[in-house]
Amino acid sequence: MSDNRLSVLKTYKLFVGGTFPRSESGRVYEVTDAKGQWLANAPLASRKDARDAVVAARKAFGGWSGATAYNRGQILYRVAEMLEGRRDQFIREVADGEGLSRAKATAQVDAAIDRWVWYAGWSDKTAQIAGSANPVAGPYFNLSAPEPTGVVALLAPQASSFLGLVSVIAPAIVTGNTAVVVASEKSPLPALSLAEVLATSDLPGGVVNLLSGRTAEIATPLAAHQDVNAIDLAGADAELATELEKAAAENLKRVLRPQAVDWAADPGTGRLLAFLETKTVWHPMGA
Amino acid sequence: MPTTVPAYGKEAAERLASLADVTADDGALRRFLHGLPGVDAVGLQARAATLGTRSIKTTAKAYAIDLAISMIDLTTLEGADTPGKVRALCAKGINPDPTDRTTPRVAAICVYGDMVATAKEALKGSGIHVAAVATAFPSGRAALPVKLADTRDAVAAGADEIDMVIDRGAFLSGRYLEVFEEIRRVKEACVREDGTAAHLKVIFETGELQTYDNVRRASWLAMLAGADFIKTSTGKVAVNATPPVTLVLLEAVRDFRATTGVQVGVKPAGGIRTSKDAIKYLVMVNETLGAEWLSPEWFRFGASSLLNDLLMQRQKLSTGRYSGPDYVTVD
Amino acid sequence: MPVFEYAPAPESRAVVDIAPSYGLFIDGEFAEAGDGKVFKTFSPSSEEVLSEVAQAGAEDVDRAVRAARKAFGAWSALPGAERAKYLFRIARIIQERSRELAVLESLDNGKPIRESRDADLPLVAAHFFYYAGWADKLAHAGYGPDPKPLGVAGQVIPWNFPLLMLAWKIAPALATGNTVVLKPAETTPLSALFFADVCRQAGLPKGVVNIVTGDGSTGAELVAHPGIDKVAFTGSTEVGKAIARTVAGTKKKVTLELGGKAANIVFDDAPIDQAVEGIIGGIFFNQGHVCCAGSRLLVQESVQDELLDALKRRMSTLRVGDPLDKNTDIGAINSAEQLARIRALADAGEAEGAERWAPPCELPSSGYWFAPTLFTGVTQAHRIAREEIFGPVLSVLTFRTPEEAVAKANNTPYGLSAGIWTEKGSRILWMANKLRAGVVWSNTFNKFDPASPFGGYKESGYGREGGRHGLEAYLDV
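Residue numbers (our numbering), protein chains in the order written: chain A, 1 to 287; chain B, 288 to 618; chain C, 619 to 1095.
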């Protein structure tokens, strides 16, 4: 590439219901690199964008949770293939946004892609580790199986803008939940680019909705929203988390509190199992 | 809901005739029987078991014991039956407890057809009916003419009631119309020369029908064909009357009356040996059908050893002491 | 025509000896409340005072939590097999004393002895047996090789199944190595206090189980106490939300088992007689004081008349009265307050135009009673179709297609249980898959087992009790 060529910049947009709207508010905010250099203008999502995202996620829930686990696994794997193809772009965005060396950013992106593959494989195994056949004391067939909780609001980790992001999205959706994701406030660009990958990966529109902006501003209506079933507070500080947990009590959202997480470490099944409901079905056994 | 008429009356026959489309051919009958609501075995058994936990004490128990005695078809169905044995049983039926003349009489004496005349003679004037098993009892494996002759013989000998067995083979292989026709023909054979008729009890041998769905279908089939009573068992196979099977019969006569207005009786038979068991059945009748079925006209026990246990319990209630087998008669 | 009248068959009260007063059970000893406050517990069937019970205040709760904390170290350090043996002992002692405890439960709660004897107590013992067996097998439960207990569990239970809810709370907590402070409901404290005596007989170390009696304020103190690591609550959704707010921002793990408005869905091909039994058991079991009660009957229009006839006929055979009579099917409403609430909602049903029906039914003159009641012509918009009545009141709605049945069944903020009645297997599985409820009973209803996880979706709460799943609530995972 010639050094004096003027590059073509991208206008970053929100991702809601499979489309790329600008923020309903028409506002943007300046995203800078670690040294304060301008990188891009990101949409500053409003309460209304959050509401639209919930509507889109709810609309997508029936189809996505009703898809076969195999199908969801195939689609998630397809996402990983697309991520691999855009690897360089993500490395650049992570390096810029998080102020990492290219080598460290590469490690982050590779881990994220591998993590996505790892979670893709869980689609048709979760029920087998989280379910049970229950030997009740009577002539009844009794089986417990996990089901997705519904619409999950995910506050993506603030510091780990891509590996952390992937680590909260993939486990939530692989089991059939749909998600409204609030990107890292300071480094939203990898999340907004991930939207472009998701849009081209057979993932039905609305399964993942990505918002950028002020975490507290977007998260507050999400935590209070009566049609959101669960909230992952990974990207909230202690004070905000407490406030959101209180708001979430109004419709008894399942709340995953923020914890210190090493995103590079083996994630285990915790996040995978956090947004599941166990359904137990009984039926008599008689001729 | 249509007005109630007894299954043995003329009006009942007219009501059944109006349902002729259901029994017009094998296909229609099959569609009807298979269209009956299914029976969930576990739920049925749970309901019967719960009814079995009713606690019947003091005055209620005394009432139930006397009612149960009055509902017994006191039965002897042995190859070794003799006139002497049958006469002794009749004497017992008339006067179950020689020490207490307030003891009610049984409803009927149930014997093989060749013993009908003997029983009839022994019961003369007592008001106790003679019931005869017929139609190649207990297997039901004979040609129709033989079964009809068997029935006519017993009726001619004076039987008040005929306990027939259905052809389980035909039923299980789905030849419902054949079973239906056989019952109808036997019902015709129950008619005496004077135009009156012996009451017909139809035995399903529920232990061989195996499923509760089959028992419900057999119940409706028999009632459509004119059964005056439906009866669980011969007492000659491994599994005889059970509370859940009897509950299916009770539900069937209840629903049949609701649909047609025709009231049909129920007789569990075989394996009911204790007062406790008998009272459980009465509770089941009480809470499924109500008082209208709580008489010997509409509910019977087919039993032999049950009577003595009821008598011992009766003595206990009147004396306050537990009785023993030496204080009831063995016949 | 003579009628088969069942003579009274009362279970003997002599089997249970209720003391005139009870203290709080803290650190293995009964003690009065610090401020000496007490309250009375009544028999709801006679309004007679059964006993006087200590009202625990903040200081008492603190003392109980500190006792539990003190006991935690040694209890959690015990080999699982030893903890198991304590739980097995408790299970056995409950079986031995089951008649006494059943009578006590019927006295204090008002439920029929037939249910306390045949349902509550057997399930209580079974629950302890089940979790006893887990105590030394936690490494195999799917929560990692060496899952740890949380610490002190604060447990608040309701009045509808006092001893059974205690078992649901205490058995898994102890099996996993936690110690507990349990607050029984204000109107039914006695069986928990008798359980304290069971613990004494079992030789349970002091402080492992602490019982603090009191009203809602005692429960609030317990939940808010900074010294507890885990909150387990069964009760109303309203209180559940308050608890969720209270624990916000803490590290306390929470499980909530809350209200419900379950749909019991009957298709035209249902096994109708068993469906009727399932509907009856679904709403009238325990006077309808059941969070998973099938309080909304959704019946397919094509069988509505037939089903309602059968249902009314069956309701007419229900025997309402003395809880200690062995033939009683429906006992007393637990409290005057609850009776008022049931009456108010039933009146609202009538006022909103639904048609009310109850069989002729003579109710005792003293105590709190409500006849089994049916409302027809109910729509999703009626309060009696949306609000949990927690009483013997059934709302009947209709549907035409499976899709409509699912839509109506799910059209509620609750999601605890649901019932399906059809003989068509594939439809059962389709429905079970679509219903947003934690327990789906198909061709049966209100079945419970310690091996079977129980708990709700949505505003019916979170977490599961029972089964392998029930361990998670008490483990640091």
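One should not assume that every hint holds.
Unchecked claim - With a cut-off of at most 20 Å between alpha-carbon atoms, the simulated PhoX-like pairs for lysine-lysine come out as follows:
1) B/K563 x C/K869
2) A/K59 x C/K859
3) C/K703 x A/K246
4) C/K1042 x C/K1052
5) A/K186 x A/K10
6) C/K944 x B/K344
7) C/K1052 x A/K59
8) B/K344 x B/K523
9) C/K703 x C/K824
10) C/K766 x C/K859
11) C/K755 x C/K703
12) A/K48 x A/K35
13) A/K48 x A/K13
14) A/K35 x A/K125
15) C/K824 x C/K859
16) A/K246 x C/K869
17) C/K824 x C/K688
18) B/K372 x B/K411
If you are wondering where the hints come from, they were derived from the structure by calculation, not from laboratory data.
Just so you know, these numbers come straight off a predicted model, no measurement behind them.
To see whether the hints hold, each was checked on the structure:
no. : hint              : verdict
1   : B/K563 x C/K869   : violated, 59 Å
2   : A/K59 x C/K859    : violated, 27 Å
3   : C/K703 x A/K246   : violated, 41 Å
4   : C/K1042 x C/K1052 : holds, 16 Å
5   : A/K186 x A/K10    : holds, 18 Å
6   : C/K944 x B/K344   : holds, 10 Å
7   : C/K1052 x A/K59   : holds, 15 Å
8   : B/K344 x B/K523   : violated, 33 Å
9   : C/K703 x C/K824   : holds, 16 Å
10  : C/K766 x C/K859   : violated, 28 Å
11  : C/K755 x C/K703   : holds, 13 Å
12  : A/K48 x A/K35     : violated, 32 Å
13  : A/K48 x A/K13     : holds, 15 Å
14  : A/K35 x A/K125    : violated, 44 Å
15  : C/K824 x C/K859   : violated, 33 Å
16  : A/K246 x C/K869   : holds, 14 Å
17  : C/K824 x C/K688   : holds, 9 Å
18  : B/K372 x B/K411   : holds, 17 Å
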